[in-house]
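Q: Sequences listed follow chains Y and W, in order. To get my numbering, take the position in the first sequence, counting from 1, and add 1248. To get my numbering, take the position in the second sequence, counting from 1, and add 150.
Fair warning: there could be bad hints in the mix.
Unchecked claim - Below are the DSS-like pairs computed for lysine-lysine, each with C-alpha atoms no more than 30 angstroms apart in a straight line:
1. Lys251(W) with Lys333(W)
2. Lys270(W) with Lys1823(Y)
3. Lys325(W) with Lys226(W)
4. Lys166(W) with Lys1823(Y)
5. Lys166(W) with Lys360(W)
6. Lys1258(Y) with Lys251(W)
7. Lys325(W) with Lys1279(Y)
8. Lys226(W) with Lys1690(Y)
9. Lys1279(Y) with Lys1690(Y)
10. Lys1279(Y) with Lys166(W)
11. Lys270(W) with Lys226(W)
12. Lys333(W) with Lys1258(Y)
13. Lys270(W) with Lys1690(Y)
14. Lys226(W) with Lys1823(Y)
15. Lys1279(Y) with Lys1258(Y)
16. Lys360(W) with Lys325(W)
17. Lys251(W) with Lys226(W)
These are calculated hints, taken from the structure and not from any lab test.
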Amino acid sequence: MNLSDRAHRKRLRAAARTALRESSELWREYKRVRKAHRRTIQGAWLWWLFALLFLFAAVHEPHAMPGVLLLIALWTTGQALRQAHDLLGRLGNGPEFIALAALPMRDRDFFMHQWARTRRQAWGYAFVFAAAYTVTGLVAGLNGWRWLAVPMLAWLQGECVVALATMAAAFVPHWPLGLAGGILSVGAWVMFVFRSTFLPQLPQMAQLAVPAGWTNMALLEGVLGGDPWAVLATVPAILLIYACGPALRLAARQYEMPLDRAISQATAESHLDANLDARLDPPPDDEMPELEARVLEADRDAARALLRSEYEAACESSAREMLRAPGWRWEELGFIERCAGRWFTPRERTIAAFMEGAPPSWTGGWRFAAALTVLGVALIWLAPWLPGWVHLLPAILATLWAFGISGGYDSGFAMLPCGNQFGPRHSFYPVGYAQMTRIFLKTATLRALFWLPLATAHAASWAINSNFWGGTALSGALVAVKAVWIALAFQPLIAAMRFAGGTDDVESLSITNVAILLIAALPIGLGLAGAIFLLYSNERTHILLALVGLHLGPLLFYALYGWVYHRGRIDLLRKTPPTS
Amino acid sequence: MRIELIGLSKRYGGLKALDEVDLEIEPGQIVAVLGLNGAGKTTLLRCLAGIAAPDRGMIRYDGERFARDRLDLRRKFFFLPDFPPLLPGGTLIHHLTSVLKLYEADAQPGWEDRIVGLLKDFDLLPLIDAPAQALSRGQAYKSALAGLLAVDPELWLLDEPFASGMDPHGISSFKRASREAAKRGRTVLYTTQLLDLAEAFSDRVCVIHKGQVRAFDRLEALRAAMGSNGGVLEDLFARLRAEDGDA
Chain Y
1249 MNLSDRAHRK RLRAAARTAL RESSELWREY KRVRKAHRRT IQGAWLWWLF
1299 ALLFLFAAVH EPHAMPGVLL LIALWTTGQA LRQAHDLLGR LGNGPEFIAL
1349 AALPMRDRDF FMHQWARTRR QAWGYAFVFA AAYTVTGLVA GLNGWRWLAV
1399 PMLAWLQGEC VVALATMAAA FVPHWPLGLA GGILSVGAWV MFVFRSTFLP
1449 QLPQMAQLAV PAGWTNMALL EGVLGGDPWA VLATVPAILL IYACGPALRL
1499 AARQYEMPLD RAISQATAES HLDANLDARL DPPPDDEMPE LEARVLEADR
1549 DAARALLRSE YEAACESSAR EMLRAPGWRW EELGFIERCA GRWFTPRERT
1599 IAAFMEGAPP SWTGGWRFAA ALTVLGVALI WLAPWLPGWV HLLPAILATL
1649 WAFGISGGYD SGFAMLPCGN QFGPRHSFYP VGYAQMTRIF LKTATLRALF
1699 WLPLATAHAA SWAINSNFWG GTALSGALVA VKAVWIALAF QPLIAAMRFA
1749 GGTDDVESLS ITNVAILLIA ALPIGLGLAG AIFLLYSNER THILLALVGL
1799 HLGPLLFYAL YGWVYHRGRI DLLRKTPPTS
Chain W
151 MRIELIGLSK RYGGLKALDE VDLEIEPGQI VAVLGLNGAG KTTLLRCLAG
201 IAAPDRGMIR YDGERFARDR LDLRRKFFFL PDFPPLLPGG TLIHHLTSVL
251 KLYEADAQPG WEDRIVGLLK DFDLLPLIDA PAQALSRGQA YKSALAGLLA
301 VDPELWLLDE PFASGMDPHG ISSFKRASRE AAKRGRTVLY TTQLLDLAEA
351 FSDRVCVIHK GQVRAFDRLE ALRAAMGSNG GVLEDLFARL RAEDGDA
């Protein structure tokens, strides 16, 4: 649904421009403002970077292309689930929701408006597939009319992503779609980075497990493989797209705008009244005679006046009590939090509490990761016939729970409205880049230490059982140590990236920002090269060099970004609203 | 706290939000920053708070150059944007105690009494258990303002406090607290579009127009300079509009 008519917009703009042209000063001002706000980079450009990396792999390892396409399909499925999660978020929250909730708009129209946005975003993935299929076709020597299949299949992919996001939002809105999407996307990435390990384990038929894989099958087997029947793999994709229409209509019909959330504004008086009423109202099962009830009603005002003063005195005493009590104590939380609490200085404890917002649950995450590790190790030993990716999946999930990827501390980095823009919460308070990073690193070190035994157990079992990574427990454990080390070494970079998420560094296309991006790419490349060398080298000199690169890259990035951050070259503001 | 702005410039693409701003503000004053929409008032406050990055020029607090890593200077001021940044997932009490700790202001004797007094003054006492997201805009602003008053920083930076949704009682409490703070040597810098209010509630006014400081003086001095008895700010803005028209 379009909120405004394109023809009306054109007419209004033309009229306004005519009025502007009457004054040269106003016209210049208009041009300046237009220019100032036009040059922004969409956050989605990063996904193109990822897609290009996939393609880079396809060109250099043509034999691995089917596997790489499967990974793209997994990643896209994850993205479709994230789109569904974002759609559900936008239907009940966010700046646009608040703005549109105030307009006389039908619920169905609001739903369709937000869905249209999801559709536009999801369509970007069709271009990713178009690029992937084009490279695949070039490498495989596709010729003649068969090229026609490439845009058609890419278009089908785009529709598939839209349909999958719509179906997920319509039928399973209460599922953890964001988490599932994130795990799939990150999992695809991990498998891509370690593709020499994972791709041989992935059967080609796994393409049929995800919607985005169906068209892959049609391309690989039908168009490139010469098996015309394989084109039938597109049938479920077409059915999915066909089913999207009724699902969309159903979801739109059932949707009700949660207006109470948009206008939830409890006033002090109503809060007070609600408390007083709770104290004045007789219990529901009280069989009070009618007369007594009327007397009570008459005395209600007098009683209210008395109770109000009593209530306010109670509030004051309660406030004093609560002010003296700390919000939460580190020593009363899980064992990882207790260790962190002891390691942090008092000031760091305060800042960590501010950044975390609520008591952290690192120990809970670790316990779940431990259970996953037990499951993974059990599967390796008790069901060795299972495909390798089934054995390794619990380890990937355990990593997410035991260590985390983005470092946590979301509350401190949450984006808040600041005028017409959004700023990270930490920018409004006296907490610094170095202070917050120190907490970040301490937390990551602790969590890595506790994660290490889990990763070691899993890797050692896998190495022995699958005769991989050297085939001994020690060699497997060494891989785990290297992986944990790499994750830890990258923390300064991740910390800097968390700060970068709340700035306009890549939002405005200025020379400074482009220079920052280019300079930032060097240490990132150095760190990545170090990580890859560390994983695959066994010679002492190579390992030493890899360690230098691995640590120097992220630290250099952290220091460079810190310099730019402190010297005030970037704004702690973003024009685009935070995604849900 | 003495504030010095030296050649401060800030551009958004081709748009000059601040253009070579030079300003010196002595402590113990209430300063109203005035200007048309898009004149650069909020950008000025954001630069002072370290949120926006000036392209050129510098800011000095008490003679020391301000940068984002100068947390000692950062703790001396409190920036309250138009949308109050309350801490999520917690209650009003959680917010206030956290702010005090972040500003390292919880060691001052009698801080509890001061906060309870503030809560009473702003009619927030019954809301101590209410989650931050359940507060109305005005209540949220008063809660954030209570945090500022509890910290009692040397410099108060407030963006549109009189368009914050605060009730009349809240506004008068804020005005009273600001006057007392200015007497104690605090500097209060606020933006507003309400000229009558600015005339009645400021020691000095700073008029920004197209990113440039066009007037920074006491009201009496402005009146004398413009030969105006009342409504000096309205006259000033009328002149600026006329200048734009001539251009």
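Q: Does the alpha-carbon distance linking Lys270(W) and Lys1823(Y) stay inside the 30 angstroms limit?
A: violated (37 angstroms)
Q: Please work out if Lys166(W) and Lys1823(Y) have their alpha carbons no farther apart than 30 angstroms.
A: holds (17 angstroms)
Q: Within 30 angstroms, alpha carbon to alpha carbon, are Lys1258(Y) and Lys251(W)?
A: violated (53 angstroms)
Q: Hinted pair, alpha-carbon criterion (30 angstroms max): Lys226(W), Lys1823(Y). Please report holds or violated.
A: holds (28 angstroms)
Q: Lys270(W) and Lys226(W) were given as a pair; does the straight-line alpha-carbon distance stay at or below 30 angstroms?
A: Answer holds: Lys270(W) to Lys226(W) is near 25 angstroms, not above 30 angstroms.
Q: Going straight from one Cα to the other, do Lys1279(Y) and Lys166(W) come out at no more than 30 angstroms?
A: holds (13 angstroms)
Q: Is Lys333(W) within 30 angstroms of Lys1258(Y), Cα to Cα?
A: violated (56 angstroms)
Q: Quick one, are Lys325(W) and Lys226(W) close enough, alpha carbons at most 30 angstroms?
A: holds (20 angstroms)
Q: Can the restraint linking Lys226(W) and Lys1690(Y) be considered satisfied, given a maximum Cα separation of 30 angstroms?
A: Holds, because 28 angstroms separates the two Cα atoms, which is no more than 30 angstroms.
Q: Regarding the pair Lys251(W) and Lys226(W), is the alpha-carbon distance no greater than 30 angstroms?
A: holds (14 angstroms)
Q: Starting from Lys1279(Y), check that the Cα of Lys1258(Y) is at most 30 angstroms away, please.
A: The hint holds at about 17 angstroms.
Q: Lys360(W) and Lys325(W) were given as a pair; does the straight-line alpha-carbon distance stay at or below 30 angstroms?
A: Since the Cα atoms of Lys360(W) and Lys325(W) sit roughly 29 angstroms apart, the hinted pair holds (cutoff 30 angstroms).
In the structure shown, a violation is registered for the earlier hints numbered 2, 6, 7, 9, 12 and 13, in ascending order.
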